[in-house]
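K.L.:
Protein chains in written order, with the working numbering: chain Z, 1 to 366; chain X, 367 to 1346.
Incorrect hints may appear among the rest.
Said to hold, decoys possible - If you anchor each label on the Cβ, the simulated ranges turn out as follows:
1) Z:Ile-145 x X:Glu-709: 18 to 24 Å
2) X:Pro-738 x Z:Pro-157: 36 to 42 Å
3) X:Gly-408 x Z:Ala-92: 43 to 49 Å
4) Z:Asn-156 x X:Ala-741: 32 to 38 Å
5) X:Gln-647 x Z:Thr-160: 32 to 38 Å
6) Z:Asn-156 x X:Ala-970: 47 to 53 Å
7) Z:Trp-257 x X:Asn-694: 25 to 31 Å
8) Z:Gln-17 x X:His-712: 26 to 32 Å
9) X:Ile-1099 x Z:Trp-257: 42 to 48 Å
Hints in this document: simulated from the structure, not taken from any laboratory.
Just so you know, these numbers come straight off a predicted model, no measurement behind them.
Beta carbons: idealized from backbone N, C-alpha and C, even for Gly.
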Amino acid sequence: MSAMTNIITGFINWLCQPAILFTISNLVFFGVFFYFREQFGRKSTCVLMQVSLLLFIALSMLDPTFRSVVAKPDNVPIVAMLFLLLFFTWLAVHKMVINDKLIDAGEDVESKKEAKELVYTWPDLVFSEFICTICVWALLLVWAIVLKAPLEEPANPVDTPNPSKAPWYFLGLQEMLVYYDPWLAGVVFPTLIIVGLILIPYIDINPKGNGYYTFKERKFAITTFLFGFLILWNLLIVYGTFLRGPNWNFFGPYEVWDLHKLEVLRNVNLSEYLFREFGLNGGKLPDNVLLREGVGIILTLVYLIGGPIFLAKKWMKKFYDEMGPARFYILAFLVVNMAALPLKMVLRWTINLKYIVAIPEAFFNI
Amino acid sequence: MAELPEDQDPRFYKPRTLWKAFGISSVIMLLFTIWMVLDDYGREWKKYQIEFSDLKSRKLAENIEEAEGSLDQEEIKKLREEIKAAEKAAESKEKEIEKVEAELVKLNTIRKNTLNTYQADKGVWDVDKYKYEAKYGHKYAMSNEQQLSAEAKKALDVLNKELARVQALQDKANQAAVAYENKKKELDGFRAEGEALKKQLTKIRFDVDLLAKNKEDSEFTLAKALRHIPLLDFMGPVLTVRQVVLPKIRDDLNFASAQKVDRCTTCHLAIDMKGFENEKQPFRTHPRLDLILGSTSPHPINEIGCTSCHDGRGQAIDFTRAAHTPQNEEQKKEWEAKYGWHEMHHVEEKMLPLQFTEAKCITCHKQTEYVPRAAKINKGIQTFRNASCYGCHRVEGWDHLRKPAPSLEKLKGKVTRDWFVKWIRDPKAFNERTRMPQVFHLSNMQTPEFRSYQEAEIFAVTDYVYENTDTYTPNVSLPDGSSDRGKQLFGEIGCLGCHQMDDFPVEGRGRFGAGPDLSTVGSKITRTWLNSWLKNPKHYWDETIMPSLRLTNQEISDLSSYLLSKKNPDFDALEVGDKNAEVQRTVLKQYLMRDPKLAPATNAKVEEVLSKLSAHEVSVELGKRAIGRIGCYGCHSIKGFENVSPIGTELTEAGSKLVKKLDFGLLHLDHTRYAWYDQKMREPRIFDRGIAKEYLDTLRMPNFRFNEEESQDLVMFLLGHTTEVRSAEVAKILDAHEYKGEQAMRIMRKYNCQGCHTVENLYVPMSEDAPGYDEEREMRRRYELEARILAHYMDDPTLGPPNITNQGAKVQTDWVYDFLKAPYPLRLALKVRMPTFLFNQDEYNQLIEGWANAARVSFPFEEKKDVVMTAHELSEARKLFKRLQCTNCHFVGPNPTRVSVEDGSQGLAPNFWETHKRLRPHWVESWLKDPNAIYPGTRMPGFWPEGSSPAPDILGGDPKKQIEVLTKYLYYIGQHKIVP
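Isolated chain Z (complex conformation):
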């Protein structure tokens, strides 16, 4: 029995490693949206998923490590978030599937009932919002009574918590710090995220999908947004919450948070690859920073400038034609930046790449 459990827990621990879980999540995400929408959108799938998640968590609670992490008052809401995310994603897909079928059949979904529901601000909207207020309030009361505020002692500079974790909604950002320099992961990317979200209404000129769910009419918008939201944001939050332990090491869900766990940290900069591993310049790093990091800088520029142009000319020509150059290049710049995170992750997992451009002299690393 215990041998069996060991195998299973060991397997799940293995499965949860960043590279593997991230890959699987991507496969599942794109698989669902491009190939298995219909199967995913079934009611039975919803029940199955919720029940399996519940079972998974319930069974895992038998494991003391899992229990101590998941049942921490800080983390309980994030468990609830998993169920909600799953449900709402399913709900959207469920409706998409129905509407897409109608669209295929040539019906005008936009003028159908769902899109034309009549809701007055007063009394309908205000009243229903009031009801929601009461419900949320009631929920907060129960939460406050049942899960006591996990207050700690006054901050002590010589006794800092390990792991030191950001508030749960910032754990995705904190996870980015594993792959990017703080000025990027902590300043540039968050700014781009906010700016990008603000810009959506101006970039998105697709008039379809107003008031109803559809995938076929908004493929790009939906996959891009949900990829960012589900994979790059929520998955990383789950990671930061449940799977990052002392010293920000990765710990499988059933792995004891051992303070002394060590992992090999041998990340190599691109310039070091070029000059040390491949022996350029006789194995010596050039003293001139630009010479040293030239390749990285060029690659970065090519990616940031050439990427959008390439998209305009090749893969997203249709978008370019429809949106016009200004809109398109803004969109393409954002997309390229968004893709930079998974790209860097892959580079890290495969070739231990630390920085593409590493100029610690000026605190500038990419």
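The hints should help you fit chain X onto chain Z, whose structure is shown.
P.N.:
Showing chain X alone in chain Z's frame:
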């Protein structure tokens, strides 16, 4: 808005549905709100306060009953009857009373009216006065005029006239008041008898009535219950959080500090009240209220609070969140079941388990080495001192002590090389009571490889020490003596004050003494060395505390023969073994690879260094490095290590060390300081278990084989050494006298005076009523702390060395100096000898000055005058002296030889001819008055018990006079060399 029928309503949200949703969510909200109120309402401290008010009422009822019982009920009954009779008598004069009362009403009206008139007019006059001053006064005060202006004068006249009128009104009002009072007295006269009786009754019943009032206040009545109703309880809550605010003690909040606030009394409601000693928690009274928490104790609750000693979170009012800590597993289980207790992970300063609370005494009592009346922590301090922890670990306040173990600088002259090898390999094999810890072959050295390295180091250390010792030539060499006589001497003259010996066992004796256990010393040392050592210890080692016992050569011979006969055959039979030069080279190589002088070290570089060394040089070099790594020089003086700091971690702040900074290795221990420290004491190297380490990285602390008790003592000591800072307002700060007294105490501790004498009352007696009290065991417990030698005199402690507490009050400065320099027998029948200590001059001065200061007597000299006695006094004193039969024990006359009094009892007490130069007269008087109060258990009888006199016919039987005259007489006979 007009409602359409549902099916015609085009709106998406149907009103009816919304109303339903609203209804349901409101009900849910209401239920949850009620839940919230109840959750708050049912907090445990509120329950405790309600429960306590019941308990207190019950207790008060018992007290009332008891108080009632102690009253003279007959008298009360009689008083009540008399009151009734008096009241009846007054009633019979009803008519007269009515008349007087009617007049009184009239007089009262007049009184009030006249007073009213006066007050109104006085008010007007006050305003006029102000107006006059405002108009003329200021101007006049600031001018140079000699006289008031005419206008002002006129105004002043008017004002004064008005004042006269007002004063007349006042007089009238006073007259009316007097008339009223007189009439009232007339009325009171009718009832006077009854009132007086009532007052008498009240006086008798005062205590009982007060208790009853108290009980009424503390009862949880209906009115109070109303104030306790949810949502109304904010108006005048009956149940309140109680707190003690301590402005003088501050909590460290890392970036700031705040005054300590303890809310423990919210639940521990009777903590400083007498009478709840046997209640269940949280209502139990604190033990020893006279010492702690009581309002008259040195530690009143409103000055020291709770968490300054107990630790924990003083502001929490929840059992778990206050960070209560169970004493043991059993209690932990009990708490988990009872309170849903769990550990507060984020709280560093959890409450100390009860067994360690006394540790916190030394947070405030930092300037003294011992804390008065704190038996447990004193034992901890003593164990720390005795085990010589300060040799390797610095602890603030212990820097003044010299290295605790013998110097190895002349070792060659004392023990053989073979003995030394066997000894450092396993000291306990030589003598299991030795203080020397096991250094080699410990638990983390058990692989064959490490064992061979250890052997290599044992020989290397030996080679280094023997290479670096001076030669020593003993200064005397004596022939064999009688071992039997030696044994007798050993038991008699006081060796047992510092040394232990298996021929003189003491049950349950701890293994630490000031000197080594000598049961196996014959296997260690040579005759000539021993002769020389006994003759003059400082000849071998000038820092030794071993005194001279003024032994004759014959005595030295006898003692030496005895000690050399005490052998350990098992140890003698142990193999010395051979050193392995190859392994020594291997180990030395490891040291060299890390030598900063060779860094960055390469194999070739190190090999080159090694190749230049002979096998012996390798051994000596390895020895030096091994000593440096193991830290032998922390306790022993070793040449070449004069200025190297010891290897141990500083422990000054051990009680505040963050738990996460303690290396638990791979052990699954409770993550607490005390669990870690305890484990470290019991098996210091255990944290290496399971860890792959290089030889030179292994843990180094030697194993002292502390038993559970010793370990707990030391843990207590460590827990007390926190980073907490107490301001001078609350900490124990010694005044000038106390400081000097403490200095004297330190000298006494250094030379182990407490080995023979009771010096400072470290022992706190256990109550004889306490469960498991056993007199003999208590005596032994006492002699573990002080006057250890008295454990050999259990039958009659008065035959042992005397109690010398408060010595300053007793002896005269110049006498005691002479005595310490050259002691001589004071009580000739005692066989134990006061040794000649070789203090340095500073120590003599500090010691004697400290004694005087501790006793608050004049220093250095007392007034000296010749005693003059009248003929009458002399004759009375002589009579008294005879009557009391002083000479039964005391000798009077020129100092006799020891032999002449050996048969008689006169040798049990000092010679009276000494008294005048030896004792301070005040002390003699108080000694005569009650000897047992000064030295409990003394042989000296108290002749004047409780102010009664043994000789009523002498000096009118006045004890005070008798004592005075007798004291005078004792000085008189000494000064005039009279033998009565």
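K.L.:
If a hint holds in the structure, say so; if it doesn't, say that too.
P.N.:
Comparing the hints with the structure gives:
1. Between Ile-145 of chain Z and Glu-709 of chain X the beta carbon distance is about 22 Å. The supplied range of 18 to 24 Å therefore holds.
2. Look at Pro-738 of chain X against Pro-157 of chain Z: about 38 Å separates their beta carbons, and that is inside 36 to 42 Å.
3. Under the hint 43 to 49 Å, the C-beta atoms of Gly-408 of chain X and Ala-92 of chain Z, about 44 Å apart, fit the expected range.
4. Take Asn-156 of chain Z and Ala-741 of chain X: their Cβ atoms lie about 34 Å apart, and the range 32 to 38 Å holds.
5. Distance hint check for Gln-647 of chain X and Thr-160 of chain Z: the Cβ-Cβ separation is about 36 Å, which falls inside the suggested range of 32 to 38 Å.
6. At about 49 Å, the beta-carbon gap between Asn-156 of chain Z and Ala-970 of chain X stays in the expected band of 47 to 53 Å.
7. Taking 25 to 31 Å as the suggested C-beta distance range, the pair Trp-257 of chain Z and Asn-694 of chain X conforms, at roughly 28 Å.
8. Taking the beta carbon of each, Gln-17 of chain Z and His-712 of chain X are about 30 Å apart, inside 26 to 32 Å as hinted.
9. The beta-carbon spacing between Ile-1099 of chain X and Trp-257 of chain Z, approximately 47 Å, falls within the hinted interval of 42 to 48 Å.
Checked against the numbered hints given earlier, this structure breaks none of them.
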